[in-house]
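Chemist: Assemble chain A onto chain Z, guided by the hints.
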Amino acid sequence: MMSAAITRNPIDVATLITQLADPRLGGTVAFLGSVRRGPEDGAVTVIEYSAYEDMVVAELERIVRDARAQWPDAVCAAQHRVGSVPAGEPSIAVVAAAPHRGAAFEACRFVVDEAKRRLPVWKRERFEDGTSQWREG
Amino acid sequence: MNKHGQAVSNGTISIRCRFFARFAELLGRDGCELTVPAGATVSDAVQLVRQAVEHGDRLPDTPLTAVNCEHVHADHRLADGDELAFLPPLAGG
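Those sequence lines, one after another, are chains Z and A.
For the first sequence, numbering that gives the first Met the number 0 begins at 0 and goes up steadily by one.
For the second sequence, numbering that gives the first Met the number 0 begins at 0 and goes up steadily by one.
Calculated from the structure, these hints are not laboratory results.
Please read these numbers as outputs of a predicted model, since none were measured by experiment.
Glycine is no exception: its CB is placed at the ideal position from the N, C-alpha and C atoms.
There's no promise every hint is true.
If you want the footprint, here are the derived chain Z segments under chain A, 3+ residues with CB under 8 Å [claimed, not checked]: (1) 49-58; (2) 79-93; (3) 110-116; (4) 125-135.
Next comes chain Z alone, as it looks inside the complex (with noise of 0.2 Å):
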């Protein structure tokens, strides 16, 4: 099973981790990406995320199905949110889940990976002062 998807609305992991239940699955991973507001990136408010959606399904689907080819026993669900993201809120979630918890971990870790290398989504920052810029990487 897999399962990928772009949504405009608030991630809810726990729907990404109730999809994938199983009582084989002895290991379920989730990650979570949020807007961050460091040190190092200024006052930002919120995130705007725009895509070429239509790709961004696709290329999703292809990435969850990279990572089960190389963990046959794994699932993962993958979603990115766009629009406008304030500080703190995910933008991204990727649940994996396998019968032990290594496979779980590294599969996880692929599609985040994949994910960060491959999605076409760009992010504008908005900051405090009502200034902004495009954000790469």
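Modeler: For chain A alone, kept in the frame of chain Z given last:
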């Protein structure tokens, strides 16, 4: 006829270009139709856009590109009806 049921002109093909995020801002548009020679590659189409589209020279020489929602290299050969996407540096997650 191409895969979309459109007539194919002799010696040329028609593609749809799409521009996203910062590229759309630089060009002041999010897409255009483009006619290129049959057998043209992504690189050929990029150079044509840079020359023929207003403000096209603001785009990089070798942007990331995708055809029909898949990442492709510059030497990928285009087909009639393809959608060629110009992708600024990716920033997902």
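Chemist: Does each hint fit the structure? Answer for all of them.
Modeler: Comparing the hints with the structure gives:
Remark: the stretch 49-58 of chain Z is confirmed as covered by chain A, as 8 of its residues place a Cβ nearer than 8 Å to a Cβ of that chain, reaching the required three. A count of 3 residues in the stretch 79-93 of chain Z with a Cβ less than 8 Å from any Cβ of chain A is obtained; the coverage claim is therefore met, three being the minimum. A count of 4 residues in the stretch 110-116 of chain Z with a Cβ less than 8 Å from any Cβ of chain A is obtained; the coverage claim is therefore met, three being the minimum. For the stretch 125-135 of chain Z, the stated coverage by chain A is satisfied: 3 residues place a CB nearer than 8 Å to a CB of that chain, which reaches the threshold of 3.
The structure agrees with every numbered hint stated previously.
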